[in-house]
Amino acid sequence: MTTLVARDLVKDFGVRDGLRRRSLRAVDRVSFTLEPGRTVALVGESGSGKSTIAKMIARLEKPSGGSIAVTGPDGVEVPDKDYRHRVQMVFQDPFASLNPFHTVEHHLARPLRLHGRARGAEETARLVSELLERVTLPASFASRRPHELSGGQRQRVAIARALAPGAEIVVADEPVSMLDVSIRLGILKLLARLQKEEDLAVLYITHDLATARHFSDEILVLYRGRVVERGPSDRVILDPRHPYTKLLAAASPNPDARDRVFEVGRAAVEAAGATAAYDHHTGRWEEAA
Amino acid sequence: MTNPSPVTAPSRTKDGRRAMLPRWSPKLGVGLGLIGAIALFGVVGPLVVGDPNAVRDIGLTAPGGEHWLGTTQTGQDVVAQIAFATRGSLRIGLLVGLMATVLSAVFGIVGSYAGGIVDELFSLFSNVMLVIPGLPLVIVIAGFVPAAQRGSWTIAVVLAITGWAASARVLRAQTLSLRNRDYVAAAKVAGEKTWRVITVEILPNLLPLLASQFVFAVVLAILSEAGLSFLGLGASNSSTLGTMLYYAQNGFALQREAWWWFVPPGLVIALFGCGLSLVNFSIDEIINPKLRDVPRRPGKVAEALRVTPAERGEDDAVLTVEDLSVVYQGDKPVHAVKGVSLTLRRGEILGLAGESGCGKTTLAYAVNRLHKPPAEVTSGAVTFHDRDGTDTDVLGLGPEELREFRWTKLSMVFQGAMNALSPVTSVAAQLDDVLTTHRPGMSRADRRARCVEVFELVGVDPARLGSFPHELSGGMRQRVMIAMALLLDPQVMIMDEPTTALDVVVQRGILLEILKFRDELGFAVLFITHDLPLLLEISDRIAVMRDGEVVELGTAQDLHLDPRHPYTRELLDSFPSLTGDRGGFIRGTEPALHDGGVR
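If you're matching them up, the sequences are chains A and B in order. Once you know that position 43 of the first sequence is 43 in full-length UniProt numbering, the rest is easy, because the numbers rise by one and skip nothing. Once you know that position 73 of the second sequence is 73 in full-length UniProt numbering, the rest is easy, because the numbers rise by one and skip nothing.
Just to be clear, a hint being listed does not mean it is correct.
To be verified - Pairs of lysine to any residue, SDA-like flavour, derived with a Cα cap of 25 Å:
#1 B:Lys193 to A:Glu77
#2 A:Lys62 to B:Asp119
#3 A:Lys55 to B:Lys188
#4 A:Lys62 to A:Ser46
#5 B:Lys332 to A:His147
#6 B:Lys193 to A:His106
#7 B:Lys409 to B:Thr390
#8 A:Lys81 to B:Asp182
#9 B:Lys332 to B:Pro373
#10 B:Lys188 to A:Ala96
#11 A:Lys62 to B:Trp195
#12 A:Lys55 to B:Gly115
Calculated from the structure, these hints are not laboratory results.
Based on the provided sequences and hints, a complete structural model is requested.
Laid out in structure tokens, this is it:
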């Protein structure tokens, strides 16, 4: 039972505003627990802080406050040097997360070696083909380079890489949003199967409410760095309580409700406290006019 | 996305490596030929020619006989001198190239990867080195070192010190972009040490750039050394092409018309520099593939195979596309759109659904004749049926008619259009531009009134008209783009992924506006997106495209409840229903492993 407990995570970024320096709170007191066999989804729009949380869990960013603790099956906290044996990450864009210069084998063999899972060329090669098989890719793919693979195949390699150190906690940061729609399902099913086989704890980060509902057990809805609603996934999506969650659910495309009347009226927005919109270009939340 | 054709593993690896090598071209061939010949001459030449310093009493003999290229003032054989001088110049060039590349790599790559204060100091240092004018500094430094101690090493070090800064800046910029790549982050998450991240993950991707900087440094070093030596500031004990020119100058070769003494070394320098530059062009093409020429077949028939434009049908069609084919010409022509026929009715939202590479954007561009070479319309017709009863054959329009037609009759909102606004003028000025171009008769007040009107239509406060694009949020910019497309009251609007980059709440607001215009202004929309659930909700009819063909066309209702084509079903199944039964979506079986692997 390897469990990750994130408690009161805070992340402040320094922003240069003209000559003054001010700090921007990207993540504000977020807590959750990742347990084996369970998936927690972080749902929110761009700028809500969900990717920053992923980076903090993967130790690519240092939290400004709060704590992240991983406890091993023996009930003892995993020391820092072993953290990466346990916690791995699948990145959003498989076209960017594999080094174009290196073969698939390099991407899988390095983590195997680094974490002492394989010694010697023969054992490494055997484990690499085993990893490829687990993500339903033929062993012959080991000698290929990323540009010879399709998006879905690349993402499978990226998943295999996350599994290579023997991770028990996997952060999946929008793992399918850059893929063609007909491939997404296969990748999500693969993640679901691996999770069952390995009893993985998964943090699933997405802006897509529908996959969040089907893929996860618990959903946390983020708005401007804060968790505005959390609960079992069906409850959060089918019976949203917070106005912002209601707004998100109503705004998502839903062919089953073709003739519904939808009004993103000022009232609904203001009630949700969602008067600000995130600007992708300036990277700031701005109050809507 | 197609499955790669099955090829055996070893040849794949070779293909992968080949991507890192320059493509074969006459340029590269000539360049390598020149470098090879001169390098061979410099390496082998000194072994076969006689002593270059042997003095004979046959000063300044013209070429011929025993001395192919004549002799110098003191009767030394010019061929022998050139062979040794070429070797000397090559050695200095290589030395400087290596040292300058290492220096620029250390300052450029390490600094930018480390970031923070290290980066600022390194970058400050490179910038200072860059503004110090190179050659004068070289002259000063070379002048300070006593002639007796001025060996070729000294000169090489001096040239390297003055020649690395520009490359360091280029490498720094590239490393700054590479260090933020996901694969670098992934390597860190995997637990790689910093030095390994730099050497194994980043450095290989800089190789083409390093090679190009190296080649450039070699050229520069050979030229600078020649210049220094010519001025008498070169290495005292070595013979290079520059020292040869220096002696030729001092021996009054020019005045005595002894061309065989100074032309050959000059020519060797010029040809070697030329060869290296040609190789560098080829390396640049790996770094920036846009530099590659698109191979065009000469004499390609530009005239499209025409289909007679459609007659106005019974139904209230506003745009008819018949049997339209678009081909990207090239070594292997790609049929991006294959015989597509569509009818857009007045007041209708026609959805065009498909995945990346299915040809939906190419189709939209071709309908508007915005496609650029190598794309060519090879067959078909596009007919616009105007409200006033006239029909326009869009593919047959002349340039001026086309300009008139676009935007007034048919406007377009592009993918990522919100970034298409010019950052330097207010949005009002940009809207006003459209009106002054297309409606020259309109008065200033009328134009202003129209701008206010369209802003109100798209739900942006007209007070924002004076704003600059960067003062507006992404959603608002996209609304401004739609306002611009509405300005001239077009009858057809083509929207290519207009809301894909936006968050769902913002997207919903814009969709509502589009539906409202359709009802109020009665124009037709061709709405292109990969998001099928969105189309099912808002459009009247939907065309599903795959591999350049429309595989299914039907009303949104029919497509949703009774999809006929297997691909439509596959697409529909790819989107889990927000409110439908939970479980079926994920728990189902995974696609089986078939030959070549899953997609």
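Verification of the supplied hints:
1. B:Lys193 to A:Glu77: 24 Å, holds
2. A:Lys62 to B:Asp119: Satisfied, since the Cα-Cα distance of roughly 21 Å is no more than 25 Å.
3. A:Lys55 to B:Lys188: 11 Å, holds
4. A:Lys62 to A:Ser46: Judged against 25 Å, a Cα distance of about 20 Å means the pair holds.
5. B:Lys332 to A:His147: 19 Å, holds
6. B:Lys193 to A:His106: 15 Å, holds
7. B:Lys409 to B:Thr390: 12 Å, holds
8. A:Lys81 to B:Asp182: Within the cut-off at roughly 22 Å; holds.
9. B:Lys332 to B:Pro373: Roughly 14 Å between the alpha carbons, so the hint for lysine 332 (chain B) and proline 373 (chain B) holds.
10. B:Lys188 to A:Ala96: 14 Å, holds
11. A:Lys62 to B:Trp195: Cα-Cα ~21 Å, so holds.
12. A:Lys55 to B:Gly115: It holds: about 19 Å lies between the C-alpha atoms, which stays within 25 Å.
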